[in-house]
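Those protein sequences? They're chains A and B, same order as listed. First residue of the first sequence? That's 1 in our numbering, and the numbers climb one at a time after it. First residue of the second sequence? That's 1 in our numbering, and the numbers climb one at a time after it.
There's no promise every hint is true.
Think about it this way: if two alpha-carbon atoms lie no more than 25 angstroms apart in a straight line, the pair counts; the simulated SDA-like pairs of lysine to any residue are [stated by the list, open to error]:
(1) B:89 to A:209
(2) B:477 to A:252
(3) B:89 to A:223
(4) A:173 to B:161
(5) B:89 to A:219
(6) A:173 to B:177
(7) A:147 to B:206
(8) B:89 to A:228
Computed beta-carbon distance windows for the label pairs [stated by the list, open to error]:
(9) B:327 to A:199: 38 to 46 angstroms
(10) B:327 to A:228: 44 to 52 angstroms
(11) B:350 to A:195: 38 to 46 angstroms
(12) B:284 to A:222: 16 to 24 angstroms
(13) B:194 to A:72: 48 to 56 angstroms
(14) A:199 to B:213: 51 to 59 angstroms
Derived by calculation from the structure, the hints in this document are not laboratory data. Yeah, the Cβ is synthetic: ideal placement off N, Cα and C, and Gly gets one too.
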Amino acid sequence: MTVKFLAARRRNPAVAIALLLLALVVVGGAYSLASNAQPAVAAMGSQTQVEEGKKLYLEGCSSCHGLNAQGTKYGPTLIGVGAASVHFQVGTGRMPLAAPGAQAVAKPPAYNEDEVAKMAAYVATLAPGPAIPSAEQVDYADADVAKGGVLFRINCAQCHQAAGQGGALTQGKYAPSLMNATPTEIYEAMLTGPQNMPVFSDETLPVEEKKAIIAYVNELQQAPSPGGLSLGRLGPVVEGLFLWTAVFAALIAAAVWIGIKAR
Amino acid sequence: MSTTSPLEKPAPVEKAGGAVATYLDQRLGSNKALGRNLGKVFPDHWSFMLGEIVLYSFIVILLTGVYLTLFFKPSMVEVVYDGSYVPLKGVMMSEAYASSLDISFDVRGGLLIRQMHHWAALIFVAAMVVHAFRVFFTGAYRKPRELNWILGVVLLTLALAAGFTGYSLPDDLLSGTGLQIIRGIIQAIPVVGTWLAFFIFGGEYPGTDIISRLYSAHILLVPGLILAIVTVHLMMVWVQKHTQYPGPGRTNTNVVGYPLMPVYMAKAGGFFFVVFGVIALISGLVTINPIWIFGPYTPDQVSAGTQPDWYIGWLDGALRLMPNWETVVAGYTISWNVLIPSVIIPGILFTLLALYPFIEAWVTGDKREHNLLERPRNAPVRTGIGVMAIVFYGILWIGGGNDIVAVAFDLSINSISWALRILLIVAPPIAFIITKRICLGLQRKDRDKLLHGYESGRVLRLPHGEFIEVHEPINVKEMAVITSKTDHAVLPAPQKTDTDGVRNPRYLVHSLRHRLSTFFYGDNVPKPSAAEIEHGQHHAAEQAAIEAPLHEYEDRDVIYNAHGGVLHHPGMPEINAEQIAEETRS
Ligand code: HEM
Chain A
1 MTVKFLAARR RNPAVAIALL LLALVVVGGA YSLASNAQPA VAAMGSQTQV
51 EEGKKLYLEG CSSCHGLNAQ GTKYGPTLIG VGAASVHFQV GTGRMPLAAP
101 GAQAVAKPPA YNEDEVAKMA AYVATLAPGP AIPSAEQVDY ADADVAKGGV
151 LFRINCAQCH QAAGQGGALT QGKYAPSLMN ATPTEIYEAM LTGPQNMPVF
201 SDETLPVEEK KAIIAYVNEL QQAPSPGGLS LGRLGPVVEG LFLWTAVFAA
251 LIAAAVWIGI KAR
Chain B
1 MSTTSPLEKP APVEKAGGAV ATYLDQRLGS NKALGRNLGK VFPDHWSFML
51 GEIVLYSFIV ILLTGVYLTL FFKPSMVEVV YDGSYVPLKG VMMSEAYASS
101 LDISFDVRGG LLIRQMHHWA ALIFVAAMVV HAFRVFFTGA YRKPRELNWI
151 LGVVLLTLAL AAGFTGYSLP DDLLSGTGLQ IIRGIIQAIP VVGTWLAFFI
201 FGGEYPGTDI ISRLYSAHIL LVPGLILAIV TVHLMMVWVQ KHTQYPGPGR
251 TNTNVVGYPL MPVYMAKAGG FFFVVFGVIA LISGLVTINP IWIFGPYTPD
301 QVSAGTQPDW YIGWLDGALR LMPNWETVVA GYTISWNVLI PSVIIPGILF
351 TLLALYPFIE AWVTGDKREH NLLERPRNAP VRTGIGVMAI VFYGILWIGG
401 GNDIVAVAFD LSINSISWAL RILLIVAPPI AFIITKRICL GLQRKDRDKL
451 LHGYESGRVL RLPHGEFIEV HEPINVKEMA VITSKTDHAV LPAPQKTDTD
501 GVRNPRYLVH SLRHRLSTFF YGDNVPKPSA AEIEHGQHHA AEQAAIEAPL
551 HEYEDRDVIY NAHGGVLHHP GMPEINAEQI AEETRS
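For reference, chain A alone in the conformation it holds in the complex (with noise of 0.2 angstroms):
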């Protein structure tokens, strides 16, 4: 199984990290373990959880992705989309597609974390595609956070600003804010770019590059605000609007009370 589980990570480029992994996942904590699981499980795909996810497929995305996943006018074609896709789309709850709109939503989940592995089984079964990203492809434990930093500046902030509360794109569409994305999650947008997201693939973004990515997205979610409240990190207009309603507020009745008080 480990072997399979290794061969199906060709970017991995030395043995010697396969062997790294294998003890990661040897010793790796139980924790990392049971809560990344279901991808590396999912990636594998048996053939039950393919006809399961066949069955899923047909009854909530057909309709708009057509029988064969070839695409229909309402839905693009999934034939080689890859599972990593798949549970990007359903796993945000942007799939199955609530309302065409100027770009799909992320809302609630409709299916649970075992029925997307099953979909995303079967359409990888279509054609070769990006697989869900492992265990131990996202663990950014020892990645560079500041090399991550740079790289973020570089690739994402244009669209999802310095600080990850992302931004306005054209025509109603946008880039979402990074603040509640998991690392999984992240590695899939980055790998299967949704939408009006560039694809950046292991090739013009190395897996450890993504990883250090990873860590410094992960770094602005959890990274306490040294200057006291962060005001949403929204930049100088939102820190105008607080000038000129609060701190406007403060001084102006301090210039009232201090005119009234002479009386």
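Starting from the known structure of chain A, fit chain B with the ligand onto it as the hints suggest.
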């Protein structure tokens, strides 16, 4: 100056302050000057504190700025960051950015001081704008204070320069992007643009000079000029005396208020600490400009949601809303899309702002001295123009944050831009018209108060069954405020030819002035004559007198409530009269 002969008994021991005063007086003759000046009277109103907020936030800026200069390194030499902020450790950056990070994370109190400096700067400009609006809406800039207004506009421009140069110093991604936009604007100036940009930046962008150049402007040139001009500004307030709001006993030729010493000094001194305290509190609690999030500036990066501080925001908005027009003349591209919003429009607006007192004086033909402030309602066009400016500014500022608005309200940035373009043209005139109407309505209400007293809101049924609303005479203060209104005569329409049939050579100019002055003051509701006012107040007093004693009976069953007022029993007037007599006796 006392002359004491050595033979006389030595003066009794004085308190420390007195001793100092005497010491100084014997050497400088200062008591007389101080006595004269410390006794100077200042009028009192909270809106006169706005100028003080400006002054005090400027002092905070100077104090905190000095602290920052001890640690900031205005250098664009690339270094590897090795401070205590882990997410940037090992990253290449300019020394300017690295030292700003050091101030934020490794200098004791550095972050607080940095935040105080920045919040104080935002407050400085904001307070200045509000102060300028106070001066504008009350007509304080009218003769003899036009020159001080111009100094004010110069100060405002300098404040923008101070703010922008400071914003650019840390060399983070946000400020670097801002600088790049400024460079683009400079380049868009026809003919000299490119040369000018190279000159200012010392070569290609970003180069290695700009931070140190901005630094000397930011800590020396601009604050020096501001300090000098503020001094002159305040001296002029001193010499010309402060204006005052109309009120009982206040005229165009006196000043009613408190002496500088001790009342005004105590208030001003106290207010300094309040402003200082508010700035310190905000800076301790609320982040401003978290440069460590933005990362170091490199020309190949840009963040979504890149915006300047609020006072530059309107220019950014203008730039964002401007349609993409360019023309090519003899092989050179003229970028109207940059030139119009960031050079031409601000240029026109600041010129109009500086010249406004003169424009208004020319239009209205008003060459009198004004030491009594005019109520905004009594100058509807001026007030309308002010509100129009606020709306115009507000729309441009929203335009500057169009991406934030788009995300916050889930709208398309394209439709926001189109809506704002249309609003920018339509909304200010609508705001003007509405404001003018409101002002005229308030004038009419004032006139009614003078003619009939004020509506007490109580309905009274008279013995013969008629319902009236009780009007009461207005009090002394209100009377003084309302009657302070000056009637502005509209400039007469010129004749094409004079009585001898000679053509009036300046006919066009005069008729333009006639029309403008009609526009300015023509709709004003005329103030009633003294006799009319007298009569109106007397009438109101009589009415009030009939009703006054009724409250005594409110819990008796002969008094009924009807139509929200008191209904009283037939035959009351006599009793009422008695009541009044009794009340005046006791
Ligand atoms: C560094 C900036 C400034 C400082 C420190 C400052 C300070 C002051 C102070 C303390 C006063 C007396 C109190 C008051 O009326 O509020 C004053 C009066 C005045 N200011 Fe300013 N001001 C500044 C900028 C401006 C600006 C931007 C304008 C207008 C464009 C302006 C126009 C005036 C005028 C006309 C007066 C006389 C007002 C009167 O006598 O009623 N000032 N200023």
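Hint check results:
Between residue 89 of chain B and residue 209 of chain A the CA atoms are separated by roughly 16 angstroms; this keeps the pair inside 25 angstroms, and the hint holds. With a C-alpha separation of about 24 angstroms, the suggested pair residue 477 of chain B and residue 252 of chain A falls inside the 25 angstroms cut-off, and the hint holds. For the hint linking residue 89 of chain B to residue 223 of chain A, the alpha-carbon distance of about 15 angstroms falls within 25 angstroms, and the restraint holds. A C-alpha spacing of about 36 angstroms is found between residue 173 of chain A and residue 161 of chain B, which places the hinted pair above 25 angstroms, so the restraint is violated.
A threshold of 25 angstroms between alpha carbons decides the hint, and for residue 89 of chain B with residue 219 of chain A the separation of about 13 angstroms falls inside it, so the pair holds. As the CA atoms of residue 173 of chain A and residue 177 of chain B are separated by approximately 23 angstroms, the hinted pair is consistent with the 25 angstroms bound. With a C-alpha separation of about 23 angstroms, the suggested pairing of residue 147 of chain A with residue 206 of chain B holds against the 25 angstroms cut-off. Between the alpha carbons of residue 89 of chain B and residue 228 of chain A the distance comes to roughly 22 angstroms, so the proposed pair stays at or under 25 angstroms and holds.
A hinted range of 38 to 46 angstroms for the beta carbons of residue 327 of chain B and residue 199 of chain A is consistent with their spacing of about 40 angstroms. Taking the beta carbon of each, residue 327 of chain B and residue 228 of chain A are about 49 angstroms apart, inside 44 to 52 angstroms as hinted. The supplied range of 38 to 46 angstroms is met by residue 350 of chain B and residue 195 of chain A, whose beta-carbon atoms lie about 44 angstroms from each other. Distance hint check for residue 284 of chain B and residue 222 of chain A: the Cβ-Cβ separation is about 23 angstroms, which falls inside the suggested range of 16 to 24 angstroms.
Here the CB-CB span from residue 194 of chain B to residue 72 of chain A is close to 54 angstroms, well matched to the stated 48 to 56 angstroms. Remark: the range hint 51 to 59 angstroms for residue 199 of chain A to residue 213 of chain B is contradicted by a beta-carbon distance near 43 angstroms.
The structure is inconsistent with the numbered hints 4 and 14, although it conforms to all the rest.
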